[in-house]
Amino acid sequence: MAKQGRRSILSRIVAFKPGEAGIAFFFFLSFFLITAPYYIIKPIRNSSYLDQLGDERLPLAYFLTAVLMGFIVNFHSRWGARLRRISLVVSTFLFFFSNICLFWWLFQQRWTWVPVIFWVWANIFAIVLVTQFWLLVNDVFNPREAKRLIGFIGSGGQLGAILGSLLVGVLARTKAFTALLLVAAALLFLAILAVLRIFNWQKSRSLAEAREAPRLREPSPAATKVGFRDALETTRKNLYLRLLAGIMLATLIVSTLVDWQFNSVVKNRVAGGSSLASFFGYFNAGTMAFAFLFQLLLTSPLIRRFGIRLSLLIYPLILLFGSAGMGIIAYASIIPAVLIKASDKSLAYSLNQSVRELLYIPIVPEEKSKSKTFIDMFVNRFAKGVGAVILWILLLIFPKSAAIRAVSLVAVGAILLWAYLNVRVGREYATLVKEKLELKWERGDKLVAEKVDVDFAKLVFDTLESRNRSSVLYALHLFDLIRQDRLTPEVRKLISYKTDEVRASSLGILFEQTETGLGPTSEEELIPEDLEKDVAEIMALDVYQEVIKNYLEKTLEDKSEAGVVARMEAAKAVGLMAPRAPAVEKLASLLEDDSPDVVRYAMESAAVLKRREDIPLLVRQLKNPVLRDDASASLVRFGPKIIGTLADYLGDPTEDMSVRLAVAAILGRLGTQEAVDFLAWELASAEGELAAAIIDSLDQLKGEHPELSFPEYRLRSKLKREVLTLCSEFLRQPKPPLSQKSSSNIFKLLGLLYSHEDMTKAYQNLKTGTKDSVAYALELLDNVLEKETRDLIFPLVEDLSAEERMRRCRALLESLTALQAESKEGEEKR
Amino acid sequence: MVRGALMMKIQPRFKNDIVIFDIEGEIKRSDITDVTLHQLVKEQLEAGRRKILLNFDRVEFIDSFGVGEILASYISTHNLGGKLKLIRISKKLYLIFQVTMLTKVLDIFEDEESALKSFL
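As you go down the protein sequences, you meet chains A and B in turn.
Under the working numbering, the first residue of the first sequence is numbered 6, with each subsequent residue one higher.
Under the working numbering, the first residue of the second sequence is numbered 7, with each subsequent residue one higher.
Simulated from the structure, these hints should not be mistaken for laboratory data.
Just to be clear, a hint being listed does not mean it is correct.
[To be verified] Here are the simulated DSSO-like cross-link-like pairs (lysine-lysine), alpha carbons at most 27 Å apart as the crow flies:
#1 A:LYS725 <-> A:LYS746
#2 B:LYS123 <-> A:LYS538
#3 B:LYS57 <-> A:LYS554
#4 A:LYS208 <-> A:LYS463
#5 A:LYS554 <-> B:LYS98
#6 B:LYS89 <-> A:LYS559
#7 B:LYS89 <-> B:LYS57
#8 B:LYS34 <-> A:LYS498
#9 A:LYS554 <-> A:LYS564
#10 B:LYS97 <-> B:LYS123
#11 B:LYS89 <-> A:LYS554
#12 A:LYS538 <-> B:LYS15
#13 A:LYS564 <-> B:LYS110
#14 B:LYS110 <-> A:LYS463
#15 B:LYS15 <-> A:LYS559
#16 A:LYS564 <-> A:LYS628
#17 A:LYS554 <-> B:LYS15
#18 B:LYS98 <-> B:LYS110
#19 A:LYS628 <-> A:LYS615
#20 A:LYS242 <-> A:LYS439
#21 A:LYS554 <-> B:LYS34
#22 A:LYS498 <-> A:LYS463
#23 B:LYS57 <-> B:LYS110
#24 B:LYS21 <-> A:LYS559
#25 B:LYS34 <-> B:LYS123
#26 A:LYS554 <-> B:LYS97
#27 B:LYS57 <-> B:LYS98
#28 B:LYS89 <-> A:LYS564
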């Protein structure tokens, strides 16, 4: 009962999904057990150093740490190449555990160099263990899981920091001061057990997921075979990694400057080694308590609400105001120094660290392993070194009283650079997330259009088919091939197969291998140079038109089986004539012929002649499922000049629905702004299958013509209505909304308002992706949609329980209905 | 009787009630002469003959003007209830006739004998 109560309180704070709570707890515990020893070690580090060497020598400690960190990165990377992640982590923990015991002994000896070594070692301790911990988090969680859990996991670190700091605060004044190191050692040993538990869990999950999809959790051996130079090169070559390194550099320079200001002010106000340690202990405890609460309660909600981009700016902006204030107004007072340091400390270890770790998640594992080690270990300390050099220079130039103000102003400059880099990395993050998603399939029509020349294929098939029907029809098809310059050797070979079936055709003879004994033999000789011109000239003759018109009249009267073929020939031949030639008048009858074959040929001719009077006859054929595709193809060939006419059919509520649907599709193939405008106009009042057809056509237009402009207001309004419909459907019948056919409408509309490719990728991966690709799809939407749209879409697409989705759908319905009522009222008033 | 320009020669001959025009050379617009094929056919029609056979065995080239002459002759013959038939046309011309569907209108034969029989 009590357990259930605890779970429900925790569940209110952390959005656990089924099966996540256990592993999240062990991450929490591990971080707690890493941070607690560090916060015991840190005040001992500070107080022993300041007590024996003074704050003037702090830059020396920063500098030594920075230099040494290069070697540590190299060593860590090479060591990592030889060991599996688990062995690397456990051996590192054991190494630091033994070191703590050793320092406990060294401090008993009271040698003056011990604080210097301890300072450097303590920094390496923190960086190496924390880096390894976050690499593990990166390995295990995808961005969505991490966004949900990072607040909770990170709060383990803050809790550890509070405990460690409190222990120091309470015990520092007693004789047990150095004995605290043994407590730190014991806690670190417990951390090893917690980390081992995580590895066990990861192993069992990897086995389970190996069946689902390949998911790279463990860096490949090749990935870890790096030294310092490889890590540096990997980071240098990649803009995103360079930005992350730049952010680390700027952050740590600022942090170093703020840290010096704080220590400097505190040193002057608080006297004595144990008093200093006690002050630092209480201060750390206080800031960590704040950081803990911030991390547990605010970090994840802030990131989820504002996204990574805005969350990245919170920390630098707060420091910017603090540093600017300290530099300008109250530079020597302990209160502003404490406030800035407290902000720095609490946000650095809560929001900032969480967001920074999230930024690493989309990086490919190989690069992540190299660059994170380099950035977190080397750049981190290098930045401290740079900060130290800056401090040195400032201390050389200014007297100590003025140096604090100068340091504040330099910090302001560094913060501005840092904020700029954060903006850049936020943009790059979205790009990286997009790259993690693959386009699973193209639109069928686009694929066919790209890979198959449908018209040509149809012509070849018709040519082959016509061989058995009529020599004239066959000749007309071959003439088409010649005219289009498509009588390639391959086509000749294809159609020459069994051409003896068409003895009567003189063109058929062209493709026969044997001599006929009549006339010329070579194909080049047989195909007149000016065949097209000759045919056109003959057809333009009045006598020809008279003869053929008479022939067509007779042919149209013949309703026999043989008459069908004759009408097919006529329908095909008419397409070769001039649009206003007398014989072309017969095309109308051919377009209404009883035989679909005749109508098909007549529609092709109508498409060539492009006579406005034939459009209604073609549109009428859109009702006929057998001829609809051909009629559509013919109307498309009329081109943009018929868009207005087609729009009339589309907007006519009395028109047959099959016609309106087909017209919507035709407009989608015409690829002009006018088509977009008409479709978007009709979309405002369209519902059901007509709306789906219009949206699909607009989607096709956006995919093929991204340069066209799509009216945002209409589309957003439709998007809201579609969401409303889907929400209502879900409330009536709680099936996953993405399984509903109409969900594609929503994503197609999003594709019109945002990047078409992004939305297509997101939809496809949400529908059919693995757990990770679904997470990346959501992350993409989270990063590219603005809040209003995100709030509209996420209740439908997020991985939610049925109850939670129902709750959010109801809320959405209420707010949308209220909005619609308001806008209606507003319109009425206007 | 040989009439026409150098480029085109048309020689009529008679078999029973059938007039056979043996055409030689090129029938094209650029070589229009004072007497055309159509005029010759009309002369025969005016003379009361209603069965016309055009022999293209020795025709080397024919352009759209030439086809127009054939069609005009066909119409004139047809309007008087007569019959006009063609023999020995080249494959090229046959090709053009097929594409223009004139094979559906005109009676075309490979040799004179079968053409003559068809008049019976």
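Going down the list of hints, with the structure as the test:
no.: 1; hint: A:LYS725 <-> A:LYS746; result: holds, 16 Å
no.: 2; hint: B:LYS123 <-> A:LYS538; result: violated, 35 Å
no.: 3; hint: B:LYS57 <-> A:LYS554; result: holds, 23 Å
no.: 4; hint: A:LYS208 <-> A:LYS463; result: violated, 56 Å
no.: 5; hint: A:LYS554 <-> B:LYS98; result: holds, 24 Å
no.: 6; hint: B:LYS89 <-> A:LYS559; result: holds, 18 Å
no.: 7; hint: B:LYS89 <-> B:LYS57; result: holds, 5 Å
no.: 8; hint: B:LYS34 <-> A:LYS498; result: violated, 35 Å
no.: 9; hint: A:LYS554 <-> A:LYS564; result: holds, 17 Å
no.: 10; hint: B:LYS97 <-> B:LYS123; result: holds, 23 Å
no.: 11; hint: B:LYS89 <-> A:LYS554; result: holds, 19 Å
no.: 12; hint: A:LYS538 <-> B:LYS15; result: holds, 25 Å
no.: 13; hint: A:LYS564 <-> B:LYS110; result: holds, 17 Å
no.: 14; hint: B:LYS110 <-> A:LYS463; result: holds, 25 Å
no.: 15; hint: B:LYS15 <-> A:LYS559; result: violated, 35 Å
no.: 16; hint: A:LYS564 <-> A:LYS628; result: holds, 24 Å
no.: 17; hint: A:LYS554 <-> B:LYS15; result: violated, 31 Å
no.: 18; hint: B:LYS98 <-> B:LYS110; result: holds, 16 Å
no.: 19; hint: A:LYS628 <-> A:LYS615; result: holds, 20 Å
no.: 20; hint: A:LYS242 <-> A:LYS439; result: holds, 20 Å
no.: 21; hint: A:LYS554 <-> B:LYS34; result: holds, 25 Å
no.: 22; hint: A:LYS498 <-> A:LYS463; result: holds, 17 Å
no.: 23; hint: B:LYS57 <-> B:LYS110; result: holds, 19 Å
no.: 24; hint: B:LYS21 <-> A:LYS559; result: violated, 32 Å
no.: 25; hint: B:LYS34 <-> B:LYS123; result: violated, 30 Å
no.: 26; hint: A:LYS554 <-> B:LYS97; result: holds, 25 Å
no.: 27; hint: B:LYS57 <-> B:LYS98; result: holds, 25 Å
no.: 28; hint: B:LYS89 <-> A:LYS564; result: holds, 26 Å
When held up to the earlier numbered hints, the structure conflicts with 2, 4, 8, 15, 17, 24, 25 and fits the remainder.
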